[in-house]
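Chemist: Protein chains in written order, with our numbering: chain X, 1 to 109; chain A, 1 to 113.
Incorrect hints may have been included.
[To be verified] Below, a list of computed lysine to aspartate or glutamate pairs in the DMTMM-like style, where the Cα atoms sit at most 25 Å apart:
#1 X:K42 - X:E15
#2 X:K96 - A:D30
#3 X:K2 - A:D56
[Unchecked claim] Per label pair, the in silico range of CB-to-CB distance:
#4 X:N93 - A:L113: 40 to 48 Å
#5 X:E5 - A:T97: 24 to 32 Å
#6 A:M39 - X:R76: 24 to 32 Å
#7 A:S27 - X:P10: 33 to 41 Å
#8 A:S27 - X:N93: 22 to 30 Å
#9 X:N65 - A:Y96: 25 to 33 Å
#10 X:E5 - A:T20: 28 to 36 Å
#11 A:Y96 - X:N27: 20 to 28 Å
#12 A:R85 - X:K2: 17 to 25 Å
#13 X:E56 - A:V53: 35 to 43 Å
No wet-lab data here; the hints were simulated from the structure. We put the beta carbon where it would ideally sit given N, CA and C, even for glycine.
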Amino acid sequence: RKEVEQDPGPFNVPEGATVAFNCTYSNSASQSFFWYRQDCRKEPKLLMSVYSSGNEDGRFTAQLNRASQYISLLIRDSKLSDSATYLCVVNTNAGKSTFGDGTTLTVKP
Amino acid sequence: DAGVIQSPRHEVTEMGQEVTLRCKPISGHDYLFWYRQTMMRGLELLIYFNNNVPIDDSGMPEDRFSAKMPNASFSTLKIQPSEPRDSAVYFCASSYTRADIQYFGAGTRLSVL
Numbered sequence: 001r002k003e004v005e006q007d008p009g010p011f012n013v014p015e016g017a018t019v020a021f022n023c024t025y026s027n028s029a030s031q032s033f034f035w036y037r038q039d040c041r042k043e044p045k046l047l048m049s050v051y052s053s054g055n056e057d058g059r060f061t062a063q064l065n066r067a068s069q070y071i072s073l074l075i076r077d078s079k080l081s082d083s084a085t086y087l088c089v090v091n092t093n094a095g096k097s098t099f100g101d102g103t104t105l106t107v108k109p
Numbered sequence: 001d002a003g004v005i006q007s008p009r010h011e012v013t014e015m016g017q018e019v020t021l022r023c024k025p026i027s028g029h030d031y032l033f034w035y036r037q038t039m040m041r042g043l044e045l046l047i048y049f050n051n052n053v054p055i056d057d058s059g060m061p062e063d064r065f066s067a068k069m070p071n072a073s074f075s076t077l078k079i080q081p082s083e084p085r086d087s088a089v090y091f092c093a094s095s096y097t098r099a100d101i102q103y104f105g106a107g108t109r110l111s112v113l
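Isolated chain X, as found in the complex (with noise of 0.2 Å):
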């Protein structure tokens, strides 16, 4: 089993549309949580950290569940820019950053 899972998708939805994407991570020490957007033949960059309260940004909600080990991204009202890859991140509190394979989103006019 992997340390971090994420559906692989594709996630195909309209614009307009609620989409959201679950991580699960398998070790239980794991402290710090990221959510990291990944665009085609482009570099990964941080979407947003992870925090145990939960946090919006703007059409983005991230949640973390500690006793059921995952962690969730909600994407509201999905525009066609935001396709691209969503790349979870989990780091133990050794400091073991693992990304997930990440999932892909395409959005549709």
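Following the hints, position chain A against chain X.
Modeler: Below, chain A alone, put in the same frame as chain X:
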């Protein structure tokens, strides 16, 4: 800051040749990471440095791969000899701390023929 700078952006070489990839991290970042990304295996951590010292190279696929960081502003990843299966995008990233946000360079797209 200009961000993490990698060179070259593209490299095409023939099997058996030596390949050297270069990275300049963000000034002030103590950690530097080298990743490889392929469709089949996703993003893999090859090695990371803390204050120019290699900490974990367990992801380096084999002895053909080596990495150095002679100073805080420069690192290299070398493949010698290169093989077609090394074809991938190689990313360098840097961060303030080990568990902090990592900032990626634009990557080097390597094709070994």
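Chemist: Each hint should be assessed against the structure and marked as holding or not.
Modeler: These are the hints, each one checked on the structure:
This hinted pair checks out: K42 of chain X and E15 of chain X have alpha carbons roughly 23 Å apart, not beyond 25 Å. Only pairs whose Cα atoms come within 25 Å are accepted, and K96 of chain X paired with D30 of chain A is accepted, the gap being roughly 15 Å. Between the alpha carbons of K2 of chain X and D56 of chain A the distance comes to roughly 19 Å, so the proposed pair stays at or under 25 Å and holds. The hint said 40 to 48 Å for the Cβ distance between N93 of chain X and L113 of chain A, and at roughly 44 Å that hint holds.
E5 of chain X and T97 of chain A have their C-beta atoms about 25 Å apart, which keeps the hinted 24 to 32 Å range intact. Remark: the range hint 24 to 32 Å for M39 of chain A to R76 of chain X is upheld by a beta-carbon distance near 30 Å. As the Cβ distance of S27 of chain A to P10 of chain X is approximately 38 Å, the hint placing it in 33 to 41 Å holds. For S27 of chain A and N93 of chain X, the hinted distance range of 22 to 30 Å is satisfied, since their beta carbons lie about 27 Å from each other.
A hinted range of 25 to 33 Å for the beta carbons of N65 of chain X and Y96 of chain A is consistent with their spacing of about 27 Å. Checking the proposed 28 to 36 Å range against E5 of chain X and T20 of chain A shows it holds: the Cβ atoms sit about 35 Å from each other. For the pair Y96 of chain A and N27 of chain X, the supplied restraint of 20 to 28 Å holds, since their beta-carbon distance comes to about 22 Å. Checking the proposed 17 to 25 Å range against R85 of chain A and K2 of chain X shows it holds: the Cβ atoms sit about 21 Å from each other.
Remark: the range hint 35 to 43 Å for E56 of chain X to V53 of chain A is upheld by a beta-carbon distance near 39 Å.
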